[in-house]
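Chemist: Chain by chain, the residues:
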Amino acid sequence: MSRTFTPDQELIDRLLLNDTDAFEELYCRYWYSLYNYSVKKLQSSTDARQIVKDIFIDLWEKRHTLPANFSVSQHLYSSVRRNVVTCLNDKLENADYSELLEQQIAAGFTVEALQDARKPVQKKQLAPTASELIRQNTISREQPRNHVLNMASMKWLVRMVAAKLD
Amino acid sequence: MKTEILHKKLERYVNGEAMPAETRQIQAWLSCTTSETELSATDKMKLEADILKEIQDETAYPLFYPKQEKPWWQKITAMF
Chain A
1 MSRTFTPDQE LIDRLLLNDT DAFEELYCRY WYSLYNYSVK KLQSSTDARQ IVKDIFIDLW
61 EKRHTLPANF SVSQHLYSSV RRNVVTCLND KLENADYSEL LEQQIAAGFT VEALQDARKP
121 VQKKQLAPTA SELIRQNTIS REQPRNHVLN MASMKWLVRM VAAKLD
Chain B
1 MKTEILHKKL ERYVNGEAMP AETRQIQAWL SCTTSETELS ATDKMKLEAD ILKEIQDETA
61 YPLFYPKQEK PWWQKITAMF
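Protein chains in written order, with the numbering used here: chain A, 1 to 166; chain B, 1 to 80.
Since no wrong hints were added, every one of them can be taken at face value.
Heads up, simulated DSBU-like pairs for lysine-lysine below, C-alpha to C-alpha not over 30 Å straight-line:
# : chain 1 : residue 1 : chain 2 : residue 2
1 : A       : Lys62     : A       : Lys91
2 : A       : Lys53     : B       : Lys75
3 : B       : Lys2      : A       : Lys91
4 : A       : Lys53     : B       : Lys46
5 : B       : Lys67     : A       : Lys53
6 : B       : Lys70     : A       : Lys164
7 : A       : Lys53     : B       : Lys70
8 : B       : Lys46     : B       : Lys75
Calculated directly from the structure, the hints in this document are not laboratory data.
With the sequences and hints as input, model every part of the structure.
Modeler: Okay, structure coming up:
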């Protein structure tokens, strides 16, 4: 998998030409957020896994019928929402699940739960960034700049060698 | 909410027959992501590979479109 960032649109163009690498790049980019969302909604990793699988199988099978100006992220996120609702609806038909669903999922539909969820999300305590560390005088101002310079010169060198070999 | 009521609401939503208030309620539920569930890096990598393997088995795309081996310098370039 390449470390250089390829825009989604370019990956979709390559997908139309049956490029499996482009498909796998899209999978790696989106699978976890789709999986995580499904797990949160359905409280079931098995169902979440099935949903992710179905969405990507559908994307691969319908790759030649994708419309122009197709937004893959929009498509994937609307698909996961639709599949979550369909899956929950199917589970509710099964009487074995009803008690479990009532405790875990149906409680999330109450007015209080929906109002709570609309409250602003509290900011997480993240690791300090380079600029914060400089401000706190933990690291010198030169350190990050040197690191960026070294990476840039390394990239340039590798590109030059690759261009010569091509 | 009782599961029977929820089931009826979801049934109408799936069939496109939901009332505007029901649609809003379901969409509000779909938009809320409050709980935190994180997998460990190892579990995440394993799950990623497992799901991809299942997709490959189902679609059989590696058989129809096998990957070509890249030249060694392209592999090194991709690492940077």
